[in-house]
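Those protein sequences? They're chains A and B, same order as listed.
Under our numbering, the first residue of the first sequence carries the number 1, and numbering increases by one thereafter.
Under our numbering, the first residue of the second sequence carries the number 1001, and numbering increases by one thereafter.
Calculated from the structure, these hints are not laboratory results.
Among the hints, erroneous ones may be present.
Unchecked claim - FRET-style restraints, in silico, Cβ to Cβ:
no., chain 1, residue 1, chain 2, residue 2, range
1, B, Y1218, A, E232, 55 to 63 Å
2, B, Y1218, A, E95, 49 to 57 Å
3, B, L1063, A, A230, 17 to 25 Å
This one's a predicted model, so the numbers in the text were calculated from it and none came from an experiment.
Backbone N, C-alpha and C fix where the C-beta goes; we use that ideal spot for every residue, glycine too.
Residue-level listing of the chains:
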Amino acid sequence: MINKIIQTPAEAVADVFNGATVMISGFGEAGSPIELIHALIDKGARDLVVISNNTGSGHVGLAALIENRQVRKMICSFPRSTNSKVFPELYKRGEIELELVPQGTLAERIRAGGAGIPAFFTPTSVGTPLAEGKEVREFNGQLFVMEHAIRADFALVKCHAADRYGNLVYNKTARNFGPVMCTAAETAIVQARKVVEPGQIDPEAVVTPGIFVKRVVEVTNPADESKLVAEERRYPW
Amino acid sequence: MVNNTEKIGWEVQEMAQKVALDIPDGAYVNLGIGIPEMVSGLVPEGREVIYHTENGLLGMGPLPPAGEEDPELINAGKKCVTAIPGACYFHHADSFTMIRGKHIDICVLGALQISESGDLANWSTGDEKAIPAVGGAMDLVAGVKTIFVISKHVTKTGEPKIVKSCTYPLTGKAVVDRIYTDLAIIDVTPKGLFVREMAPGVTMDYLQERTEAALHQYE
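With these hints in hand, go ahead and build the complete structure from the sequences.
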């Protein structure tokens, strides 16, 4: 029998090793798997390369993982925001690496990684500093820059509902990077607001087919990151 | 009343209004963060425009009433929004397929500098101490069919923003189609910059003095 349900976030991330590459879903707080990230802080794996669109807010979630000095390098498109203090300070001190990637190129590099495409040509960033050192080729009279796929050892993803096969549906704009990240990681670990019986998710409405998911953990009431940030909470509590 | 010459030009609201008038019925539109967001409220009645936000929503509606914000329903600026009836959600790769694949008709963006050949710089001043952040700007200018820029004509210190060649790092090369400033609306064409319209009180000489690149008038 296939049963991908894991009881706790701690068990779900127990094998994340030092030096692992970890994709983390979310666009700001929307879709950020905060309970899985906190479990990873408890676990303490270090020297991580993290792929995520942003770098977290305040002192919880992804920002707390960075603040706990577990992240060696961030690959992201927008590493600052009004409430993002941890990453900018470490970056200015030269204590964390950054690979800046245009948002659509980031999404496509992850998609390609999941789809078995090693590299691709995109019009994005041609003629800009982000194309420097990359192969540029002309197709039909237009220039394109070559970008490489990204894969990861683990993906930490938040969704709305999941079944024991790992079929997932998301909630509104919290979907963002979740579906592509599930495809591009050796081990996709998902926190779901609810776990339902197989068949309860309409097969026509499944967004992430279960084959892309290894583990599902139910987190019924995930923390509201902006509330924690407003309250100036810090993790570990 | 003191006659303050500094007051020549359109207010931000009027600039956004000018952009809105140029958005046709049926357009799929992506609005950048900040002033471009004002455009959606100013499109003339009777035109149906669908707003795309790159974090995965087609059919973005107005801001929600206080108390009805949903932190999982946000725009690219991470502000809470609503979804219109008929909206749809999708993941990031699909969202940028819409952008890069030339399915979005118009994108409205802010600018640090625009060159006479339509190069745009709007993501970095090249300051070594600043944290670089690009978001979706490079994908938008590379993929959206028509790029409108809305920006003050000069910087806070009075330097021209419309220049011969950008000195800031580029967002994209030869990507801008039309520039809406507080002083004028300017088309970027293969023959150079052509002035479509000037704000009341603005003359070609006044405009050229505040523009590094050469400006031309339509016949």
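Hints, verified against the model:
no.: 1; hint: Y1218/B - E232/A: 55 to 63 Å; result: holds (57 Å)
no.: 2; hint: Y1218/B - E95/A: 49 to 57 Å; result: holds (55 Å)
no.: 3; hint: L1063/B - A230/A: 17 to 25 Å; result: holds (19 Å)
Violated hints are absent here; each numbered hint is respected by the structure.
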